[in-house]
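J.: For reference, the chains in residue letters:
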Amino acid sequence: MKTTHHKKSRHPASPLLRVVVAAKRERSGGAGKPRELAELRVRLAETEETLRAIRAGEVDAVVIAGKQGPQVFTLEGAEQAYRMLIECMNEGALTLTVDKTILYANQCFARMVKCPLEQVMGSSLSRFLSPEDGATLRPLLKQADQSGSKLQVLLHASDGSRTPTQISIRPLASNGSSRETFGMVLTDMTEVRRNEGMLRASNKELESFCYSVAHDLRTPLRSIVSFSQLLEKTLQDGLAPEAKSYLQHTIDSAKQMTVLIDSLLNLSRVVRKEMKREKVDLSSAAQAIAAELKKHQPDRQIDFHIASGLTADGDLELLKLVLRSLFDNAWKFTGRIPHAVIDFNKTLKDGREVFFVRDNGVGFDMKVADKLFSLFQRLHDEKDFPGTGMGLATVQRIVQRNGGEIWADSKMNRGTTFYFTLNGH
Amino acid sequence: MTIETPVLLVEDNPAEVDLTLIACKQINFPYKVVVTRDGIEALDYLMGTGKYAGRDKKNTPVLVLLDLKMPRLNGFEVLERMRRDPLLKDIFVVILTSSMEEKERMRAMNLGADLYLQKAVDFDEFSAALRQLERQILLRSADNLN
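Protein chains in written order, with numbering that gives the first Met the number 0: chain A, 0 to 424; chain B, 0 to 145.
A portion of the hints provided could be inaccurate.
As the list claims (entries may be wrong) - Derived DSSO-like pairs (lysine-lysine); straight-line CA-CA distance at most 30 Å: (1) A:K254 - B:K24; (2) B:K102 - A:K203; (3) B:K56 - B:K31; (4) B:K102 - A:K232; (5) A:K331 - A:K254; (6) A:K254 - B:K102; (7) A:K278 - B:K102; (8) A:K149 - A:K113; (9) A:K232 - B:K24; (10) A:K319 - B:K56; (11) B:K68 - A:K203; (12) B:K68 - A:K272; (13) A:K243 - A:K293; (14) A:K243 - A:K254; (15) A:K243 - B:K24; (16) B:K56 - A:K254; (17) A:K319 - A:K254; (18) A:K272 - B:K102; (19) A:K275 - B:K102.
Calculated directly from the structure, the hints in this document are not laboratory data.
Here chain B stands alone, though its shape is the one from the complex (with noise of 0.2 Å):
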């Protein structure tokens, strides 16, 4: 069954969003998966405005899932809006990343993200650390009901 709550995938590759899509299928990831291609369009769809004016804007997303390289608005950029936007500032935030340098890590982190991912190479570890995504966003509802 899928969860209407939406998680938000940011990315740009299509590679990419296909790869995370088919893993989210395989582990049965139950939330609803939406994509978008860049920074501005996942703040569009975040804030409601754009091609996203009218969107329910209470069905905040559990998860953000933001890549970092990106045209348009990048995702340490994506990023610090959230983080700076009373309604997004609490948003679950997992950088999935193939980088691998220390510095970007810790940009973001210092810019509010949750967690640090980097994509791994093999397909199965990858979709395991998705299934472990959905372990944290299971704890972290039950301490915000707590």
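Only chain A is shown next, with the shape it has when bound in the complex (with noise of 0.2 Å):
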């Protein structure tokens, strides 16, 4: 084959791909010597030419026309950031056929499981996993669409060792070729895991740590409130009525602390409880929840509007604190009120499905409201209205780990309708 004709060109379609185009010429018959001599010259220069502009990095690929059309020899260039990016991955990645045949793999995949790489390519993919791994990502390969599919294993290095991985698959766009080939991309997740056990250790610790705020901060408290109080009782009448407001501020102080450990502790449970998921009747609870209140304090003038057939998906536990909580606070708020009212309901707001609890008590203003739901925020005086500041930051996040959010509406002095969704209704 000789090449007679060479020019350097841009692609008419991919102006970033520089093409030389060349083309087979037969040698011409019956020419002299010396014509000769030069038309090989003249070649000779337009190869040298070439030569140049491939070492310069300035040509992608080459075209040969040929009796059988054209043929594109691709050089680097194009391909080659793709390919540097394939090779310098953190991850493995491989092509492969349906019987996971290796087609191709970097360099990341050959260190993931110690074999050389000419040594991976054209192998078979089951030889870096277990039986059972294997089997199940032969369906998976079967299956594979656009969207791809995950898969966790275990892969097996030649040296014996075993690296969790992720595997994570997509079938490749047809090439023309008969073959149906895959991508797949492979994470080392040993880090991921070392991550979770130090998560899981972490957790753990927070739990040991609220075992000795439940114990041994308690304990302390309980000691200072009934020695104080013992103190107050034996020295009754020899006591200045000063110093007896120091000891009953002592005691006040020591059992504020205790309902405060106590609703940090309530708090770290609703955070940490494991989520059962049932249908719960929250009309129930909410008239159970509602005539324990009346007992407790029967002479107050307060109507319950309870709407029947209310029901969500959710733990039926922290769905009932969350009742709990609203109504203590609707109760708390309309102290005040000759004739209160509760209401409990669901509307439709943007076409979603939400609760209320709505009371006509004080209220709040609004330009406060997004301290609402923070730990240890009052919005009102401790004289007028006690509290912990916790209640709401506690109801919070459980409608948070219901799937739903929760805010409020209110006007000062004309009540606060706080509206709640569970698992996107």
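Dock the two chains into a complex; use the hints.
T.: Structure, rendered in structure tokens:
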């Protein structure tokens, strides 16, 4: 084959692709030696220029026009960036056939399986998997679609070591070949597993901290309260009024601290509790809470309007806590209203089913609404409406754990409505 | 009048021991309260071993007030051993603790505790709980006689 025509050109469809087009030319017959020599000189110059352009990185592909049509020979360039990307990846990358024969593997995969790259290509992926993982992979390859699928396996290296690995599979677009091929990215999950382990350990530590809070902090507080009470009883009339009030402050503060610790522990339990999902009859739960509240203060003039048939999917115990806390709130902030009304019902907002607890109590300034669900935040004076500032923070976490959200709408001296959704209702 | 049948208090915290003894005195708790400071000492007392060797084992405590968190042998371990011992398995055991962890309560009840009481922070509430226990001892004794 001889190349007699040579021109450097830009590919019309891809302005970034630089192509050398070369055409096969038949040797001209019957020419004299000087002419042949001149022709050879020209071709040599062309070839030298082509080689120079290739060396200088100015050419991405060479197109040779022959009897069977043009053939494209790709040089470093257009695909080079992608190849570099695949080769430099910290994940293993493979292309393979449906019968798991590896057509291509990057260096990282070779490192993962601790096997020379030339021994990886052409071998079967099954060689690096347990029979069980291999069996799980087979149907995934057969059913793989463009959305891709993932699988957790133990990758077996040639030295016998095993690495937890996540395989992401995607069929590759057919390039006209009759063989179906798949692209596979293999991610070493050792680090992820280690982090999961650390997270578990840290959760365990948190649990042990909670236990210490529950036990070790409550015990001295109990001593402070009880011995102060005993001191007060023992001295009784011998105590000056100031001393009596100092002791009372000590007792009240220690008791308040106990309540705060208990509320924090309650919040921690709510966050850690294993969720049980079931259909919860919210109306019945609300009725029971209302009855209990009335029983505690039977002299209060209060009407509960609880809609029937309100249900939600969620954790019974946690959803009861939500209602309990919202009803407690409504009960507390309607304390000074001669005729209080508390509603529990649902409504539609932006096409979503939204539950609400509404009261006609003192309400709050909406300017501080963003503080409503923060820990230890109180929007009213402790003397007027005692509380820990933990109740709504706890409610918000429960609602969020049940896949919902909570917000409030209020007007000073006109009442407050708490809205909440559950499970994207 | 003090009944000679003892109540065993298993508690390592001296302040807690004092509070319990003061409360017992204030409510005229009729039983003699024996104090042991950890699980090993409690089992020695119950089994008449160690420093309690030679104790009249027939004088079984009518109630064991058991703390959970203690050095050497904790409350769970004491309870477990008591429930395995034919002579101790029927003793009325009340867990008296500051912990309100549900897991702890479940563990104690599964090991055979009769009651799980959280120590009230308020002294009068604590005394009232002890008074209730005195009633429960009487009811149990009546049940056993029947």
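J.: Now, for every hint given, state plainly whether the structure supports it.
T.: The hints, checked one at a time:
Note on K254 (chain A) and K24 (chain B): the hinted pairing holds, with a Cα-Cα distance of about 24 Å set against a maximum of 30 Å. For the hint pairing K102 (chain B) with K203 (chain A), the CA-to-CA distance comes to about 14 Å; that is within 30 Å, so the pair holds. Restraint check for K56 (chain B) and K31 (chain B): satisfied, since their Cα atoms lie roughly 16 Å apart, inside the 30 Å limit. As the CA atoms of K102 (chain B) and K232 (chain A) are separated by approximately 37 Å, the hinted pair breaks the 30 Å bound.
As the CA atoms of K331 (chain A) and K254 (chain A) are separated by approximately 20 Å, the hinted pair is consistent with the 30 Å bound. Restraint check for K254 (chain A) and K102 (chain B): satisfied, since their Cα atoms lie roughly 25 Å apart, inside the 30 Å limit. Annotation: proposed proximity of K278 (chain A) to K102 (chain B) holds, straight-line Cα distance about 25 Å (limit 30 Å). Distance hint between K149 (chain A) and K113 (chain A) is fulfilled; the C-alpha atoms sit about 23 Å from each other, no more than 30 Å.
In summary, the hint linking K232 (chain A) to K24 (chain B) is supported, as the alpha carbons are separated by about 14 Å, within the 30 Å threshold. A hinted pair counts as satisfied when its Cα atoms are at most 30 Å apart, and K319 (chain A) with K56 (chain B) does not qualify at roughly 49 Å. This hinted pair checks out: K68 (chain B) and K203 (chain A) have alpha carbons roughly 18 Å apart, not beyond 30 Å. Proposed proximity of K68 (chain B) and K272 (chain A) is supported: the alpha carbons are some 23 Å apart, at most 30 Å.
Pair hint K243 (chain A) plus K293 (chain A) does not hold up; C-alpha atoms about 35 Å apart against a cutoff of 30 Å. About 16 Å separates the Cα atoms of K243 (chain A) and K254 (chain A), which keeps this hinted pair within 30 Å; it holds. For the hint linking K243 (chain A) to K24 (chain B), the alpha-carbon distance of about 24 Å falls within 30 Å, and the restraint holds. For a cut-off of 30 Å, the pair hint linking K56 (chain B) to K254 (chain A) is broken: about 42 Å separates their Cα positions.
Using a Cα cut-off of 30 Å, the hinted pair K319 (chain A) and K254 (chain A) holds, with the two alpha carbons roughly 26 Å apart. Of the supplied pair hints, the one linking K272 (chain A) and K102 (chain B) holds, its CA atoms being roughly 11 Å apart against a limit of 30 Å. Among the hinted pairs, K275 (chain A) with K102 (chain B) is consistent with the structure: their alpha-carbon atoms are about 17 Å apart, no more than 30 Å.
Going through the hint list in order, the structure does not satisfy hints 4, 10, 13 and 16.
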